[in-house]
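Those protein sequences? They're chains A and B, same order as listed.
If you read the first sequence in the numbering used here, its first letter stands for residue 5, the second for the next number, and so on.
If you read the second sequence in the numbering used here, its first letter stands for residue 5, the second for the next number, and so on.
Rather than coming from a laboratory, the hints here were simulated on the basis of the structure.
Every value quoted in this text rests on a predicted model; they were computed, and no experiment measured them.
Careful, some of the hints might be misleading.
Below are the DSSO-like pairs computed for lysine-lysine, each with C-alpha atoms no more than 30 Å apart in a straight line [said to hold, decoys possible]: (1) B/Lys98 x B/Lys53; (2) A/Lys62 x B/Lys88; (3) B/Lys263 x A/Lys49; (4) A/Lys59 x B/Lys53; (5) A/Lys52 x B/Lys366; (6) B/Lys333 x A/Lys49; (7) A/Lys62 x B/Lys372; (8) B/Lys53 x B/Lys245; (9) A/Lys59 x B/Lys142; (10) A/Lys64 x B/Lys256; (11) A/Lys62 x B/Lys222; (12) B/Lys208 x B/Lys333; (13) B/Lys45 x A/Lys52; (14) B/Lys256 x A/Lys49; (15) A/Lys64 x B/Lys372; (16) B/Lys177 x A/Lys59; (17) A/Lys64 x B/Lys142; (18) A/Lys59 x B/Lys260; (19) A/Lys59 x B/Lys256; (20) B/Lys333 x A/Lys64; (21) A/Lys62 x B/Lys210; (22) A/Lys62 x B/Lys208; (23) A/Lys49 x B/Lys372; (24) B/Lys222 x B/Lys88; (25) B/Lys333 x A/Lys62; (26) B/Lys333 x B/Lys88; (27) B/Lys180 x A/Lys49; (28) B/Lys103 x B/Lys177.
The primary structure of each chain is shown beneath.
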Amino acid sequence: MKPVKFAMIIVLALTISLVLFYGNQTARSADKENHCFTCHTNARKLIKITREIAKANKDKPGGSAETEGEG
Amino acid sequence: MEPLAPHEKIYVDSEIAEDENHGGLGCHECHGGNPDDPNWKTAHKGVVKDPSYPDASEACGSCHDEIAEHYKSSLHVSLSPFKKMIDMRASSDKGVHAKVNAAREQHCSACHSSCGQCHISRPESVEGGLLEGHLFQKRPPMQQVCTACHGSRIGKEYLGQNKGLKPDIHKEKYFKCNKCHKAAEMHGDGKDYANRYEVENGPKCKACHEEIYGPKSKNAKNHWIHKDQVSCNVCHSQQYKNCYACHLGKDKQGFKFFKTKGSTMEFKIGINPLRSKKRPEKFVTVRHVPVDQGTFNFYVKDGLTNFDKLPTWKLATPHNVRKQTPQNKTCNGCHGNEGLFLQEKDVKKAYVKANKDVIVPKNMIPGKRQEDKVD
């Protein structure tokens, strides 16, 4: 009985480690793919970044002030 | 239209992940960039803001191939009537013509749209910004997309934002633009039309109002009398905006600008310059467009030497339709009402020749009627 029990424990341990390994891999790859998504769905982060950009572009005019009338 | 804060323009609703058609796509599959890079500055290297412009065949066409096939013929993308009109007016001197073309490209062509700039974001020409957090909008929202561009004339007319004038009756019935302007018209059909009125799938009043000539119509007699004589707008539009003297240029910092010389609210009936089987009416409403012989003077002198080839008063379909208007209230609201008709005195002297085909000669203005009551 002992070798059977041992084999079962080995199989179980292997299964668990495989599940953990692939689960981790998937999580890692999901994490890898989601930098655009995680940032662009986070309003707080976007506010911070857009303020940074606005600060950097403070002295750059966005367009001509000479436009007059309706387009 | 409310402006968007900078972060609102690029905020993505996480709900997009649940979009059964687009949710499975990684951002980078359409926009490029590096999704693995946690540094936003380097991650955005190579990012394409609007992957559907100028070519939609990959980003949209891989699934929506039947629409993307004709994408480039959509007038919202090609703006080809603009080019055609300006080409006709431009100098035949090749060097001058090239300068006019370059200026047109820089200024006029900036107002195009694309798949993305109707269904995903506000158009770039009105500073962009994602619609509903990048959730795909099957029907573009009217005020954030359509009237965001077509605002100063069509938008204000339709929404009743011109002082003293009522909104379009269709607006009061909660019609959005796409009730009349269907996708088939917007998306192009592969044909290179000379102007928007030629587009085969354009709106037709009769598509909904066929009964106006029928026995059940309260006003069938008047509709029959005026059939093919006047366009629907001649009787059913209110005053509308006319713009003048657009001049283009660049400021000291190199930013482009335009200047238009004010606008007027008028109602003018002219001779139909695009009379055809499809538009057989003799009289139509005409609107002054902002073009001027000196529009391109900043870039090239005498750029539009053939200015007179086209009228500056053009066929128009003002979007402020009402059942009853001052000109259809009684027969003499229009008949004998000379002020409603575009006459030589209404046209800038230098442009009389350009408008000779739309100016209504005095003898063509219908005379006053003795019986003034509309049946």
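Going down the list of hints, with the structure as the test:
1. B/Lys98 x B/Lys53: 35 Å, violated
2. A/Lys62 x B/Lys88: Distance of about 40 Å is beyond 30 Å: violated.
3. B/Lys263 x A/Lys49: Given that 30 Å is the threshold and the Cα spacing comes to 39 Å, the pair is violated.
4. A/Lys59 x B/Lys53: 22 Å, holds
5. A/Lys52 x B/Lys366: 66 Å, violated
6. B/Lys333 x A/Lys49: Answer violated: B/Lys333 to A/Lys49 is near 60 Å, above 30 Å.
7. A/Lys62 x B/Lys372: 64 Å, violated
8. B/Lys53 x B/Lys245: Distance of about 34 Å is beyond 30 Å: violated.
9. A/Lys59 x B/Lys142: 36 Å, violated
10. A/Lys64 x B/Lys256: Distance ~14 Å between A/Lys64 and B/Lys256 Cα, so the pair holds.
11. A/Lys62 x B/Lys222: Cα-Cα ~63 Å, so violated.
12. B/Lys208 x B/Lys333: 24 Å, holds
13. B/Lys45 x A/Lys52: 13 Å, holds
14. B/Lys256 x A/Lys49: 36 Å, violated
15. A/Lys64 x B/Lys372: 62 Å, violated
16. B/Lys177 x A/Lys59: Violated: B/Lys177 and A/Lys59 sit about 46 Å apart, past 30 Å.
17. A/Lys64 x B/Lys142: With a Cα-Cα distance of about 37 Å, the restraint between A/Lys64 and B/Lys142 is violated, given a limit of 30 Å.
18. A/Lys59 x B/Lys260: 24 Å, holds
19. A/Lys59 x B/Lys256: Answer holds: A/Lys59 to B/Lys256 is near 23 Å, not above 30 Å.
20. B/Lys333 x A/Lys64: With a Cα-Cα distance of about 56 Å, the restraint between B/Lys333 and A/Lys64 is violated, given a limit of 30 Å.
21. A/Lys62 x B/Lys210: 54 Å, violated
22. A/Lys62 x B/Lys208: Not satisfied, since the Cα-Cα distance of roughly 49 Å exceeds 30 Å.
23. A/Lys49 x B/Lys372: 70 Å, violated
24. B/Lys222 x B/Lys88: Violated, at about 43 Å.
25. B/Lys333 x A/Lys62: Roughly 57 Å between the alpha carbons, so the hint for B/Lys333 and A/Lys62 is violated.
26. B/Lys333 x B/Lys88: 39 Å, violated
27. B/Lys180 x A/Lys49: Given pair B/Lys180, A/Lys49 is violated - Cα atoms ~35 Å apart, limit 30 Å.
28. B/Lys103 x B/Lys177: 47 Å, violated
Comparing the model with each numbered hint stated earlier shows that hints 1, 2, 3, 5, 6, 7, 8, 9, 11, 14, 15, 16, 17, 20, 21, 22, 23, 24, 25, 26, 27, 28 do not hold.
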